[in-house]
Amino acid sequence: MHELSICGSIAEIVRRRAADRPVATIHLRIGRLRQVVPDTLVYCWELVSADTELDGAALEVEDVPARIVCQDCDATTLVGDLPLFMCHACNGVNVSVVSGEEFLITALDLAEA
Amino acid sequence: MGRFHRHADGTVHEHEQEHPDEHGNHSGYQTGTERIEILERIFGENDRTAAVNRDAFRAANVRAVNLMSSPGAGKTTLLEATLRRLADTVRIGVIEGDIETSLDADRLGGFGAQISLVNTGNGFGGECHLDAPMVRSALPRLRLDELDLVLIENVGNLVCPAEFDVGEHARAMVYAITEGEDKPLKYPLMFRSVDLVLINKIDLLPHLDADLALFRANLRAVNPAAATLEISARTGVGVDAWCDWLRAQVQTTRPPAAHH
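First to last, the protein sequences are chains C and V.
For what it's worth, this note's numbering labels the leading residue of the first sequence as 1, then goes sequentially.
For what it's worth, this note's numbering labels the leading residue of the second sequence as 1001, then goes sequentially.
Only chain C is shown next, with the shape it has when bound in the complex (with noise of 0.2 Å):
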């Protein structure tokens, strides 16, 4: 349940670039090697934000992939699933994440004031 910490430190920069302008969507960059439950993450926002000046700002949620680069031999290997860390071209585990380990808000859509 960190995700309502996470929650805490979104509210505390949306209220910061508002500043006091209504938000009606919080755009996050959310890696998948990040282990951030997205209902989980909306659930708390509502909790967070209730009652507050940010009731009612939606999250919207862009995933990102994981990517791996090898360093022997420079292929690029997509994540699945199950989280191998390891070059799909030459079995080599000296990689290392290109992406997936995003953690951002991206941008706000404000409201019609």
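FYI, nobody ran anything at the bench for these hints, they're computed from the structure.
Some hints could be false.
Some residues of chain V that are not near chain C, with every Cβ distance over 12 Å (derived) [stated by the list, open to error]:
#, residue
1, 1035
2, 1039
3, 1207
4, 1221
5, 1228
6, 1235
7, 1238
8, 1247
9, 1251
Each pair of labels, with its calculated beta carbon distance range [to be verified]:
#, chain 1, residue 1, chain 2, residue 2, range
10, C, 58, V, 1236, 51 to 57 Å
11, C, 20, V, 1044, 17 to 23 Å
12, C, 22, V, 1211, 38 to 44 Å
13, C, 111, V, 1051, 46 to 52 Å
The model shown is predicted, which means the values in this text are computed figures rather than measured ones.
Note that CB positions come from ideal geometry on N, CA and C, so glycine has one too.
Given the coordinates of chain C, assemble chain V onto it according to the supplied hints.
For chain V alone, coordinates are given in the frame of chain C:
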């Protein structure tokens, strides 16, 4: 749109390319609503505080190790066994965040360690992890200048603690062989984040169907760089090797580090 974001505050982020999927296309929102591009890391505040904690440790020449595990894997028993062996030669502080622990300051005080308890009770049954501000709040109760090593006992949980940098220099986790070989695949973020996996309760091996080779293969699939040690916090098997690992951690702070 959605591929290249511009933001007015001048912040540069590296995550901007590589989003071939169609999420984030909101070109229909042209009816007077305004979009503010942000690109701000949600953990930014936590990570800034973690950096402050790390600076505080570094300034005092202290090494900090974040100790994580699922509930009941044996962190607390290991901590006691560790203090029993190390407290005479290494000056240890403990930041205690495990909400379920039976360990208390009196019990640990007997080993001569400094203890700082973190109140993780924050509604909803308490927090599921330590974050950097919680560790920050625990630091004034430690005399860092008189310490070599700070052990941060995180909350028993395989998910949440992995997400939060608290300012540690190294991460170790306790995995009990009773937990099942598939744990690295189910909790890859945790197993990927650690430098050392302590394979605990090894004394129970004759009584279980645990397949350690399979566990190691799963661990290697998510984190080929992780070191492992087989231990039993209860019988003491392997605990000396863990203490050697901790001593080596402390040694890395001993050489004349660049102070500023």
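Here is what the structure says about each hint:
1. 1035: 5 Å, violated
2. 1039: Given that some Cβ of chain C is not farther than 12 Å from that of residue 1039 of chain V, nearest at about 6 Å, it is violated.
3. 1207: 29 Å, holds
4. 1221: 5 Å, violated
5. 1228: 15 Å, holds
6. 1235: 33 Å, holds
7. 1238: 25 Å, holds
8. 1247: 29 Å, holds
9. 1251: Check passes; 27 Å lies beyond 12 Å.
10. C/58 with V/1236: 51 to 57 Å: 55 Å, holds
11. C/20 with V/1044: 17 to 23 Å: 21 Å, holds
12. C/22 with V/1211: 38 to 44 Å: 56 Å, violated
13. C/111 with V/1051: 46 to 52 Å: About 35 Å separates the Cβ atoms of residue 111 of chain C and residue 1051 of chain V, which means 46 to 52 Å is violated.
Hint compliance for this structure: hints 1, 2, 4, 12 and 13 are not met, and every other hint is.
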